[in-house]
Amino acid sequence: MTPRTAVDTAAGVRSGSLRAADVLEEHLARVAAREAEIHAFNLVTQDAARARAADIDRRVAAGEDPGPLAGVTIALKDNLCTRGVPTTCSSRILEGWKPPYDASVVERLAAAGAVFVGKTNLDEFAMGSSTENSAFGPTRNPLDTSRVPGGSSGGSAAAVAADFATVAIGSDTGGSIRQPAALCGVVGVKPTYGAVSRYGLIAFASSLDQIGPFTHTVEDAALLMEVISGHDARDSTSIPQPAMQLRQELGKGVEGLRIGRITDLPAGADPGIMACLDAAFAALEAQGASVVDVQVPAFTYGLTAYYLVAPAEASSNLARYDGVRFGMRVEAPDTNAMYSATRAAGFGDEVKRRIMIGTYALSAGYFDAYYGKALKIRRLIANDFAAAYAKADVLLTPTSPTVAFEFGSKGDNPLAMYLCDTYTIPTNLVGHPAMSVPFGTAELGLPAGVQIMAPTLGEPVMFRVAAALEEAAK
Amino acid sequence: MSEQIVPGWELVVGLEVHVELATRTKLFSGSPNRFGDDANVHIDPVTLGLPGALPVLNEHAVELAMRVGLALNCRIEPCTFHRKNYFYPDMPKAYQISQYDQPLNLDGFLDLPDGTRIGVERAHLEEDTGKSTHVGGDGRIHGSEGSLIDFNRAGVPLVEIVSRPDIRTVDQAKDYVNELRAILVAIDASDAKMEEGSMRVDANVSVRRPGEPLGTRCEIKNVNSVRSLGRAIEYEARRQVDLLEAGDRIRQETRHWNESDGRTHTLRVKEDADDYRYFLEPDLVPLVPDREWIERVRSAMPVLPAARRASLGAFLGVPAGSAAVWTVVDRGQDEYVLASVDAGGVGERVLVYVQQAFAEAGPNPAVPADGLARLTVMERNGELTATQAKDVLATMLETGSADPETIARSKGYEAMDTSAIAVAVDEAIAGDPAAWGKYCAGEEKAAGALVGRVMKATKGQADGKVVTALLQERRAANG
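Protein chains in written order, with our numbering: chain A, 609 to 1082; chain B, 10 to 488.
One chain only, chain A, in its complex shape (with noise of 0.2 Å):
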């Protein structure tokens, strides 16, 4: 069996040790055994990938070097959009577009010589904790098929899970990434809002979206977000700073430093899921950090807030999906019953659902009552946050409150759905990164997933803490 990890593929693809091509074929003969089941992908994208392989193969055969990722498998969320390769968003409305250019994300990748196996299932236009909104059908959680894997990147996480590839891309806007990361036992990045390029992200809520890795160590993960952060000049939200450096910092330890534990986090988490948070705080005890208590007031109403800010941008940002210039289009007598239709058409509930609130926040005479008061939640939670870092240098939460949890249990419940984010969403809401580690099992012997919060740009001290923990995990 080839490595399981980017690290030690790229090594030995470019040492000439190891092939591209061999790399492929094992993710592709595991894809054709159980994606049937599993159904993480929208697309695999099998002869562009065995072109690829092949080429980087020829390149190091050459005596070049394809770069950092040189022949490791990715699978990229099917909201990233991919030069004349359909993407969907997992939504009816965008069935069959092809986009005529690569996010920015996808530009980097390729640079960096990975291999990109397919376009990965999601809850429709991100919009979702299990993956059951696609309109394509859910994907199944590949540690226990009668079970979730979290959403919306669902597909992504369960791709990384079942080794369809060796890593994967998602996109986190209340916790996207790092809840299906906890629920299908992988590591999961939010990067700081702005680090990764949003250029080629088909947006859902623009002021949150952020694009980050899945992995199965820490170590990837640090090497993937080398490769993708860094100013873009055609996302005007980038952070103007080059590419993080972090693998460094992975060997550092967590001596000296001041894990914060917050004392009024909102309850509901399930006891297995405490009890391996409890577990985290004392692996990192007993490697020289201090466990210090905090508070942010604030955390609790972060999911109300979301559930505003969110749907008001989704309201906008879906706007244009109106069967004018792309996609679906039904048609109509006029173009107001065109627009109706195509849209009544092309939209799953939970879309229409979110579109409809956030039109509701944002109207004249309920602005200020909703929207305008949401905003005053987000300021409310930065500060709480402020003051809590002036004393910790990273926090620590369960990601979800459970563990993978089984197909259509929360399905007749929105709101019940809503909650799986509650300890994700705070940091969205700020622009922090936060990261998902898996951590122990919780309930059913199925795995947890740790939190690690920092601040702004505190991806070096919440990887030191990453590393930690996967040490002591293992």
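None of these hints come from the bench; they were simulated from the model.
One thing to keep in mind: the hints can contain errors.
[As the list claims (entries may be wrong)] With a straight-line cut-off of 20 Å between C-alpha atoms, the simulated SDA-like cross-links for lysine to any residue are:
#, chain 1, residue 1, chain 2, residue 2
1, A, 706, B, 49
2, A, 960, B, 95
3, B, 93, A, 706
4, A, 984, B, 287
5, A, 984, B, 289
6, B, 140, A, 934
7, A, 981, B, 289
8, A, 984, B, 95
9, A, 981, B, 110
10, B, 93, A, 975
[Said to hold, decoys possible] In silico negatives: residues of chain A with every beta carbon more than 10 Å from chain B:
#, residue
11, 889
12, 972
13, 1023
[Claimed, not checked] Calculated from the model, a selection of chain B residues having no Cβ within reach of chain A, i.e. all distances over 10 Å:
#, residue
14, 57
15, 58
16, 61
17, 87
18, 140
19, 322
20, 353
21, 361
22, 423
23, 461
24, 467
25, 477
Note that the structure is a prediction, hence the values are computed from the model and not measured.
C-beta atoms are modelled at their ideal positions from N, C-alpha and C, and glycine is treated no differently.
Based on these hints, arrange chain B on the given structure of chain A.
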């Protein structure tokens, strides 16, 4: 007010002017900002609002907008962009990126040539929409068979200049637009052509009894020339006065000016107006022009047309508001006129020639300024008649020549001596005794026929002033 449209009523007008900025590329993408090419050639993912595309602000557009603000005496402020959400097929993202409660330019004014100061509330940046062409029907979307959309214009940078409701007459409204247009062209912000749509004027019109609070306004759209603006405001004011005098109320609405029937028609009433659901554009960051940037733009500002008209008028001793001065400054030819006069030209004649003959010549005419100067001197000295001078000038314009003397010689224009003209005058008197009789009886107009005969006989080479003088001399001798 000097020109009340209906006695006893005061007109109140505020203008919203959209101007396309003369940038090389669009406001948020690298596609060319160009008018008149084939449909849908200046497009890209951002222009089309494709999924995943993001806007990046064009710095040159910001500079031009700052110039507009400075020319209109505005404060330049830290500002933000908002999304204005509404569905329309030529609006690619189904929202327009515009400025809302924090515009770039705030609180300025524009002085009309008559000295009236019109307040400018704001001048903000926003993107243009695409252009729909409705096929079939009367060219409007309702009743058409289909629509074609050209996205070349989508994303073109606009500045929207909003005046305060300080305009009180139709002439002031027209002067405001003319003065604004002159400024925009002078600062290279826009070509500001109403016919091509690079400058679009909407008028908010209301009427009231003098001294009363502002009346309910109607917004008039589809005004495509300064002349139409005057007609539309006048029509709308009368319509409102008629309603009020009949005891009715004005409904706040948007009205469409129809050039062919000379009326305004309801487009939409206020209750049907879109709720634009403005919110801060999350894909852009606040725009905060620092002092250094503002000063750099300010120091590169040219002298504005009003000041140029004043100095040209003062220099030539003619009114700054005269048509000739306005036209010459408008074309940017005032420097040229000054240069020609400096080279010894006859000021009044130089001004007239440039006004009349240099319409296509641009700010740097091919004819050297000293050449024009010498032409006017030859004319003043009687070496050329006015007609001959015009002909020589036409040749100079064609060839870019600086040498009126040679051209005059090659055309055989040498001043006739007075004795030859006298012979022709005597022949004319003999040839039309009836006209001569009338002229001698004091009928000055009768001289026309006699002068005409002289000109015909001399093939236009006689100096008209000399002919008239000779006729007067002979009449005096006759009397």
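To see whether the hints hold, each was checked on the structure:
1. The suggested pairing of residue 706/A with residue 49/B holds, with an alpha-carbon distance near 19 Å, which does not exceed 20 Å.
2. For the hint linking residue 960/A to residue 95/B, the alpha-carbon distance of about 17 Å falls within 20 Å, and the restraint holds.
3. Between residue 93/B and residue 706/A the alpha-carbon distance is near 28 Å, which puts this suggested pair outside the 20 Å criterion.
4. Only pairs whose Cα atoms come within 20 Å are accepted, and residue 984/A paired with residue 287/B is accepted, the gap being roughly 17 Å.
5. For the hint linking residue 984/A to residue 289/B, the alpha-carbon distance of about 14 Å falls within 20 Å, and the restraint holds.
6. For the hint pairing residue 140/B with residue 934/A, the CA-to-CA distance comes to about 18 Å; that is within 20 Å, so the pair holds.
7. With a C-alpha separation of about 14 Å, the suggested pair residue 981/A and residue 289/B falls inside the 20 Å cut-off, and the hint holds.
8. About 26 Å separates the Cα atoms of residue 984/A and residue 95/B, which puts this hinted pair outside 20 Å; it is violated.
9. At most 20 Å may separate the alpha-carbon atoms for a hinted pair to count; residue 981/A and residue 110/B meet this at roughly 18 Å.
10. Pair hint residue 93/B plus residue 975/A holds up; C-alpha atoms about 14 Å apart against a cutoff of 20 Å.
11. In this structure residue 889/A is separated from chain B by more than 10 Å, as the shortest Cβ-Cβ distance comes to about 35 Å.
12. Look at residue 972/A: its CB is around 5 Å from the nearest CB on chain B, not clear of 10 Å, so calling it non-interface is violated.
13. Separation of residue 1023/A from chain B is adequate, the least Cβ-Cβ distance of about 24 Å exceeding the 10 Å criterion.
14. Not every beta carbon of chain A lies more than 10 Å from that of residue 57/B, the smallest distance being close to 6 Å; the non-interface claim is violated.
15. Residue placement check: residue 58/B does not keep its beta carbon more than 10 Å from all beta carbons of chain A (closest about 5 Å).
16. Consistency note on residue 61/B: stated as away from chain A, yet its beta-carbon is not over 10 Å from all of that chain's, at 4 Å minimum.
17. Under the 10 Å C-beta cut-off, the non-interface status given to residue 87/B relative to chain A holds; the minimum distance is some 16 Å.
18. Remark: the non-interface label on residue 140/B is consistent with the geometry, its nearest Cβ contact in chain A lying 14 Å away (cut-off 10 Å).
19. Every CB of chain A lies more than 10 Å from the CB of residue 322/B, the least distance being 47 Å, so the non-interface label holds.
20. At roughly 56 Å from the closest C-beta of chain A, the C-beta of residue 353/B stays outside 10 Å, upholding its exclusion from the interface.
21. Every CB of chain A lies more than 10 Å from the CB of residue 361/B, the least distance being 54 Å, so the non-interface label holds.
22. With a minimum CB-CB distance of about 69 Å to chain A, residue 423/B clears the 10 Å threshold, and the non-interface call stands.
23. At the 10 Å boundary, the C-beta of residue 461/B stays outside the reach of chain A, the nearest C-beta of that chain being 67 Å off.
24. For residue 467/B, the condition that its CB be more than 10 Å from all CB atoms of chain A holds, with the nearest at approximately 72 Å.
25. With 10 Å as the threshold on Cβ separation, the claim that residue 477/B sits away from chain A holds: the shortest Cβ distance comes to roughly 71 Å.
When held up to the earlier numbered hints, the structure conflicts with 3, 8, 12, 14, 15 and 16 and fits the remainder.
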